[in-house]
Amino acid sequence: SAVISQKPSRDICQRGTSLTIQCQVDSQVTMMFWYRQQPGQSLTLIATANQGSEATYESGFVIDKFPISRPNLTFSTLTVSNMSPEDSSIYLCSVEVYRARDTQYFGPGTRLTVL
Amino acid sequence: AQSVTQPDIHITVSEGASLELRCNYSYGATPYLFWYVQSPGQGLQLLLKYFSGDTLVQGIKGFEAEFKRSQSSFNLRKPSVHWSDAAEYFCAVGDLYAGGTSYGKLTFGQGTILTVHP
Numbered sequence: 001s002a003v004i005s006q007k008p009s010r011d012i013c014q015r016g017t018s019l020t021i022q023c024q025v026d027s028q029v030t031m032m033f034w035y036r037q038q039p040g041q042s043l044t045l046i047a048t049a050n051q052g053s054e055a056t057y058e059s060g061f062v063i064d065k066f067p068i069s070r071p072n073l074t075f076s077t078l079t080v081s082n083m084s085p086e087d088s089s090i091y092l093c094s095v096e097v098y099r100a101r102d103t104q105y106f107g108p109g110t111r112l113t114v115l
Numbered sequence: 116a117q118s119v120t121q122p123d124i125h126i127t128v129s130e131g132a133s134l135e136l137r138c139n140y141s142y143g144a145t146p147y148l149f150w151y152v153q154s155p156g157q158g159l160q161l162l163l164k165y166f167s168g169d170t171l172v173q174g175i176k177g178f179e180a181e182f183k184r185s186q187s188s189f190n191l192r193k194p195s196v197h198w199s200d201a202a203e204y205f206c207a208v209g210d211l212y213a214g215g216t217s218y219g220k221l222t223f224g225q226g227t228i229l230t231v232h233p
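Residue numbers (the numbering used here), protein chains in the order written: chain Y, 1 to 115; chain P, 116 to 233.
Keep in mind that the hints were calculated from the coordinates and are not lab data.
Think about it this way: if two alpha-carbon atoms lie no more than 20 Å apart in a straight line, the pair counts; the simulated EDC-like pairs of lysine to aspartate or glutamate are:
no., chain 1, residue 1, chain 2, residue 2
1, P, LYS220, P, ASP210
2, P, LYS220, Y, GLU54
3, Y, LYS65, Y, ASP87
4, P, LYS220, Y, GLU58
5, Y, LYS7, Y, ASP87
If we strip away everything but chain P, and leave its shape as in the complex, we get (with noise of 0.2 Å):
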């Protein structure tokens, strides 16, 4: 079965630094990859998605994360934190299913809790 795990559970950057999330994937073919922001109070938006091609992969709010299969990574990163990027960062594997139409069975890492300091 896939998994996804994110080593940090809770990172704290200072406004303008750079960030980058950790996520690490176990799945048995090519993974369909994506990260998810949610903020307090609200829904997942979708940051960002990898299926095939090109390895970094750019995204919404600046954000672009890059695929390593022989590390089983797909990490985020920005060159610049604002502080509306103060978020949980959610990291997932897309299985297939509906015959093959679908990669709508997401599995989620436990999340990163993101903190901006002014």
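Just chain Y, with the same shape it has in the complex (with noise of 0.2 Å):
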């Protein structure tokens, strides 16, 4: 398994405004993942974040509005950019272990309310 941490656990944020939202994880990696869980909805995939190159948007996402990074094998980050009252959620971060390719964990998420 892996552990993983995300910062910050949750945020208030004013519209216009943007928020690093950063992802860690207690062991290398090979996939990390980046999910949207508006309130009362399941849970959307924004995009893959891979290592040293740019991240893979789904449908519906863009890099100007959801810049991800990710320097090395056990770090990435997610920037909601030019928030609107629209994008409060609660953002998670999910990797895949090397020793376990099939199954993703999840982190804690981080809360976003946009004002």
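Two chains, two frames, a set of hints: combine them into the complex.
Written out as structure tokens, the structure is:
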């Protein structure tokens, strides 16, 4: 398994600002993913964070709005840019580890409220 | 494109009663299926997964799930529910990614909220 931490755990932000969410894993992982869970909704994959290259975004998500970095095998960041109230969600990081490449482990999530 | 349907948005059971949560999927090939649980304020925890082989899969916390290809279903069961099982349960199907080396692209169902009465 993997122990995943996310910072911040929650935040309240003003519209038009940006927030960067960090995801740290205690071991090297192959894949890192970012999901969004809007209030009362299921999880939707935003993008796959690739180490050393640009992230791969799902339909409906763009790099300008959700820039992602992955500088090494244990860390990634997701930025929510130019926020609006519609961005209020829980953002979750998940990882796939080398020894269990068929299983994803999820972080505790970051609860974002945009006023 | 793959999809997952959880027909029951909310289920209430009494403690000690049996439980079955329904999940139907749509996927073009052999599906890789997962059940996750999310407790209030917590991240997702993997309960069990199905890739191949025995269609009855055992998981953690006394849960099991049965894969039925003919019905495109992967229902989650527990013979006796405990109050601590109250949570939201998500079924997911994994899609091939990275040249077939990963099933990391998960598509989730809408979730089923489980309430347990004492």
